[in-house]
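Undergrad: Sequence:
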Amino acid sequence: MFSRLNILERIFATKLEEIEDAKRRVSIGQLKDEATDKRLLPFKNTLANSQHRIALIAEVKKA
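So for the sequence shown, our numbering puts the first residue at 36; every next one is plus one.
Any given hint might turn out to be false.
As the list claims (entries may be wrong) - Below are the DSSO-like pairs computed for lysine-lysine, each with C-alpha atoms no more than 27 Å apart in a straight line:
| id | residue 1 | residue 2 |
| --- | --- | --- |
| 1 | K50 | K67 |
| 2 | K50 | K97 |
| 3 | K97 | K58 |
| 4 | K79 | K50 |
| 5 | K58 | K79 |
| 6 | K79 | K67 |
| 7 | K73 | K96 |
| 8 | K58 | K96 |
Claimed, not checked - Pairwise CB distance ranges (calculated):
| id | residue 1 | residue 2 | range |
| --- | --- | --- | --- |
| 9 | N41 | V95 | 23 to 31 Å |
| 10 | S38 | L76 | 42 to 50 Å |
| 11 | E94 | L66 | 19 to 27 Å |
| 12 | E44 | N80 | 41 to 49 Å |
| 13 | K96 | L66 | 31 to 39 Å |
| 14 | K79 | E52 | 20 to 28 Å |
| 15 | R74 | I42 | 24 to 32 Å |
| 16 | L43 | I92 | 17 to 25 Å |
| 17 | A93 | E52 | 26 to 34 Å |
| 18 | R39 | H87 | 31 to 39 Å |
| 19 | R39 | L75 | 38 to 46 Å |
Hints in this document: simulated from the structure, not taken from any laboratory. In this text the structure is predicted, and so the values were computed from the model without any measurement. Every residue gets a Cβ at the ideal spot worked out from N, C-alpha and C, and that includes glycine.
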(Lines of atoms letter the chains of each structure in order from A and count residues from 1; the text may use other names and numbers.)
(Lines give C-alpha, C1' and ligand atoms only; values in the text may rest on other atoms or scores of the structure.)
Protein backbone atom coordinates (compact mmCIF):
# COMPACT_ATOMS: atom_id res chain seq x y z
CA MET A 1 0.00 0.00 0.00
CA PHE A 2 2.79 2.44 0.84
CA SER A 3 4.49 1.99 -2.53
CA ARG A 4 1.24 2.85 -4.32
CA LEU A 5 0.94 6.04 -2.31
CA ASN A 6 4.53 6.96 -3.13
CA ILE A 7 3.87 6.46 -6.83
CA LEU A 8 0.68 8.52 -6.69
CA GLU A 9 2.44 11.24 -4.74
CA ARG A 10 5.21 11.38 -7.34
CA ILE A 11 2.67 11.53 -10.18
CA PHE A 12 0.79 14.29 -8.36
CA ALA A 13 3.97 16.30 -7.75
CA THR A 14 5.05 15.91 -11.37
CA LYS A 15 1.66 17.05 -12.65
CA LEU A 16 1.72 20.08 -10.36
CA GLU A 17 5.11 21.04 -11.80
CA GLU A 18 3.81 20.58 -15.36
CA ILE A 19 0.78 22.77 -14.62
CA GLU A 20 2.90 25.52 -13.10
CA ASP A 21 5.23 25.41 -16.09
CA ALA A 22 2.28 25.64 -18.49
CA LYS A 23 0.89 28.61 -16.55
CA ARG A 24 4.21 30.42 -16.93
CA ARG A 25 4.28 29.82 -20.69
CA VAL A 26 0.66 30.77 -21.53
CA SER A 27 -1.46 33.43 -19.87
CA ILE A 28 -5.14 32.98 -19.01
CA GLY A 29 -5.98 35.73 -21.51
CA GLN A 30 -4.12 33.87 -24.23
CA LEU A 31 -6.00 30.66 -23.43
CA LYS A 32 -9.34 32.50 -23.56
CA ASP A 33 -8.42 34.07 -26.90
CA GLU A 34 -7.45 30.70 -28.36
CA ALA A 35 -10.64 29.08 -27.07
CA THR A 36 -12.91 31.73 -28.56
CA ASP A 37 -11.02 32.07 -31.86
CA LYS A 38 -11.47 28.45 -32.89
CA ARG A 39 -14.13 27.80 -35.49
CA LEU A 40 -16.62 25.07 -34.73
CA LEU A 41 -16.49 21.97 -36.90
CA PRO A 42 -19.37 19.57 -37.53
CA PHE A 43 -18.51 16.68 -35.21
CA LYS A 44 -19.67 13.79 -37.41
CA ASN A 45 -18.15 15.18 -40.62
CA THR A 46 -14.87 15.97 -38.89
CA LEU A 47 -14.54 12.38 -37.68
CA ALA A 48 -15.64 10.90 -41.02
CA ASN A 49 -13.21 13.01 -43.05
CA SER A 50 -10.19 12.67 -40.77
CA GLN A 51 -6.98 11.36 -42.31
CA HIS A 52 -6.01 9.77 -38.99
CA ARG A 53 -7.36 6.66 -37.33
CA ILE A 54 -9.46 7.82 -34.42
CA ALA A 55 -9.90 6.20 -31.04
CA LEU A 56 -12.70 8.03 -29.31
CA ILE A 57 -14.53 7.59 -26.05
CA ALA A 58 -17.23 10.22 -25.63
CA GLU A 59 -20.49 11.02 -23.98
CA VAL A 60 -22.80 13.61 -25.48
CA LYS A 61 -25.47 15.10 -23.25
CA LYS A 62 -28.28 17.42 -24.11
CA ALA A 63 -27.95 20.60 -22.06
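Undergrad: Give a verdict on every hint.
TA: Do the hints match the structure? See the list:
{"no.": "1", "hint": "K50 <-> K67", "verdict": "holds (22 Å)"}
{"no.": "2", "hint": "K50 <-> K97", "verdict": "violated (32 Å)"}
{"no.": "3", "hint": "K97 <-> K58", "verdict": "violated (32 Å)"}
{"no.": "4", "hint": "K79 <-> K50", "verdict": "violated (33 Å)"}
{"no.": "5", "hint": "K58 <-> K79", "verdict": "violated (33 Å)"}
{"no.": "6", "hint": "K79 <-> K67", "verdict": "holds (25 Å)"}
{"no.": "7", "hint": "K73 <-> K96", "verdict": "holds (22 Å)"}
{"no.": "8", "hint": "K58 <-> K96", "verdict": "violated (30 Å)"}
{"no.": "9", "hint": "N41 <-> V95: 23 to 31 Å", "verdict": "violated (38 Å)"}
{"no.": "10", "hint": "S38 <-> L76: 42 to 50 Å", "verdict": "holds (45 Å)"}
{"no.": "11", "hint": "E94 <-> L66: 19 to 27 Å", "verdict": "holds (24 Å)"}
{"no.": "12", "hint": "E44 <-> N80: 41 to 49 Å", "verdict": "holds (44 Å)"}
{"no.": "13", "hint": "K96 <-> L66: 31 to 39 Å", "verdict": "violated (24 Å)"}
{"no.": "14", "hint": "K79 <-> E52: 20 to 28 Å", "verdict": "violated (39 Å)"}
{"no.": "15", "hint": "R74 <-> I42: 24 to 32 Å", "verdict": "violated (41 Å)"}
{"no.": "16", "hint": "L43 <-> I92: 17 to 25 Å", "verdict": "holds (23 Å)"}
{"no.": "17", "hint": "A93 <-> E52: 26 to 34 Å", "verdict": "holds (30 Å)"}
{"no.": "18", "hint": "R39 <-> H87: 31 to 39 Å", "verdict": "holds (35 Å)"}
{"no.": "19", "hint": "R39 <-> L75: 38 to 46 Å", "verdict": "holds (42 Å)"}
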